[in-house]
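Asker: The lines below spell out each chain.
Number of protein chains: 6
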Amino acid sequence: MANSDIWLDSLITKTPQEGRALAIIMARKTIGAIQTDPEKRKQMRPEYADATALLISSAQVVAIEFQTIAQANTY
Amino acid sequence: MANSDIWLDSLITKTPQEGRALAIIMARKTIGAIQTDPEKRKQMRPEYADATALLISSAQVVAIEFQTIAQANTY
Amino acid sequence: MANSDIWLDSLITKTPQEGRALAIIMARKTIGAIQTDPEKRKQMRPEYADATALLISSAQVVAIEFQTIAQANTY
Amino acid sequence: MANSDIWLDSLITKTPQEGRALAIIMARKTIGAIQTDPEKRKQMRPEYADATALLISSAQVVAIEFQTIAQANTY
Amino acid sequence: MANSDIWLDSLITKTPQEGRALAIIMARKTIGAIQTDPEKRKQMRPEYADATALLISSAQVVAIEFQTIAQANTY
Amino acid sequence: MANSDIWLDSLITKTPQEGRALAIIMARKTIGAIQTDPEKRKQMRPEYADATALLISSAQVVAIEFQTIAQANTY
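Chains as they are written, first to last, in this note's numbering: chain A, 3 to 77; chain B, 3 to 77; chain C, 3 to 77; chain D, 3 to 77; chain E, 3 to 77; chain F, 3 to 77.
One should not assume that every hint holds.
Identical copies look the same in the list; a pair holds intra-copy or inter-copy alike.
As the list claims (entries may be wrong) - Pairs of lysine-lysine residues, derived as DSBU-like cross-links and limited to a Cα-Cα distance of at most 30 Å, are as follows:
hint	residue 1	residue 2
1	Lys42	Lys16
2	Lys31	Lys44
3	Lys16	Lys44
4	Lys31	Lys42
Calculated directly from the structure, the hints in this document are not laboratory data.
The structure displayed is predicted, hence computed values, not measured ones.
Chain A on its own, in the form it takes in the complex (with noise of 0.2 Å):
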């Protein structure tokens, strides 16, 4: 991972609304982790055709990565 940023020191939040954005970027910075080469994370970008399966796929992992952070906080 060329960004070794800290990005995520903890998995407690405020409320549960930010839970879910932290959820949403757990599952983007997962992406950003396996495929690194922007250029090819550009040309995946126009894959409409399975857009909506794609969109619940992803709905899908942030569901999963706020169960974790749920739990953490013990909303």
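Based on these hints, arrange chains B, C, D, E and F on the given structure of chain A.
Answerer: Just chains B, C, D, E and F now, with coordinates in the frame of chain A:
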């Protein structure tokens, strides 16, 4: 996210059925947060070829969200 | 959701098998809540090409719902 | 469900391996409960094109069911 | 299942890495239990078109199995 | 698995972000353990048609692995 309104104050709901409704809202809000362009969201709608698969995938997202809500509420 | 009837008072069931039945109801109710147009639901039915995949995906949703129910009941 | 026999009295099993067997039964019973028409179930069988994908999806369902069983048994 | 050997006495492993190995065994044993015909299992192998997708799906099954093992071991 | 090195001594990490990195390693090690032939792994790489879907699927595996790590660490 253009919409910065607070929509998730708490995971606690009065009844399990309200928890189901919240799970569906959570799943929808994620879609809106990932694909923020309403024009593109509209283009995606008529993909009915895989519609049943998409519905089932959506139901899976809702099931995961609800699991989180149920744990928060110790239903 | 047009149907505002209370259908989920509690996740508690008398037996694990009733919990399975509830898990299937929960999965179906989600489908009905996402795709509210009965005409469109009907159009989707005859997609038998991927039917086995769809059945297995559905079984996955049921498995997640049942996991939630089992936790609520401490079976 | 035509078959109203009691098949799931308890999630408790004597050994983890019996828990695996139960997880497979639970996954199969769900398929039978969703697609109740045996004629249609038979038609679906020969879809070997995606057979590996279907097997892996099935294994995922079994993994989730087993997770529930393992929690019930505190293996 | 033709093979009635005991292969899963316990979910407890000495190290997390042995837990990973067990998770892979559990996933494979499920495949063998669902598709018992070795001839058909062989036919499925050369589906390399979706091979990356299948590998990732398999990794997901392993991740779920490992989650169960980790809980049993309180790693 | 040709590589019998110990790579997973513990699920405990100093920070949640290190937990994320471990989750990605765990997902990758599983791929290497299932498809042990490096030649075949290389052939799979250029499947960019479904690349976005594959990335999202991978993110899902990472999310599940991280959930396990977060539980072990009680983040």
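Asker: Taking the hints in turn, state whether each one holds.
Answerer: These are the hints, each one checked on the structure:
no. : hint           : result
1   : Lys42 to Lys16 : neither (36 Å within a copy, 32 Å between copies)
2   : Lys31 to Lys44 : both (15 Å within a copy, 25 Å between copies)
3   : Lys16 to Lys44 : neither (34 Å within a copy, 33 Å between copies)
4   : Lys31 to Lys42 : both (16 Å within a copy, 23 Å between copies)
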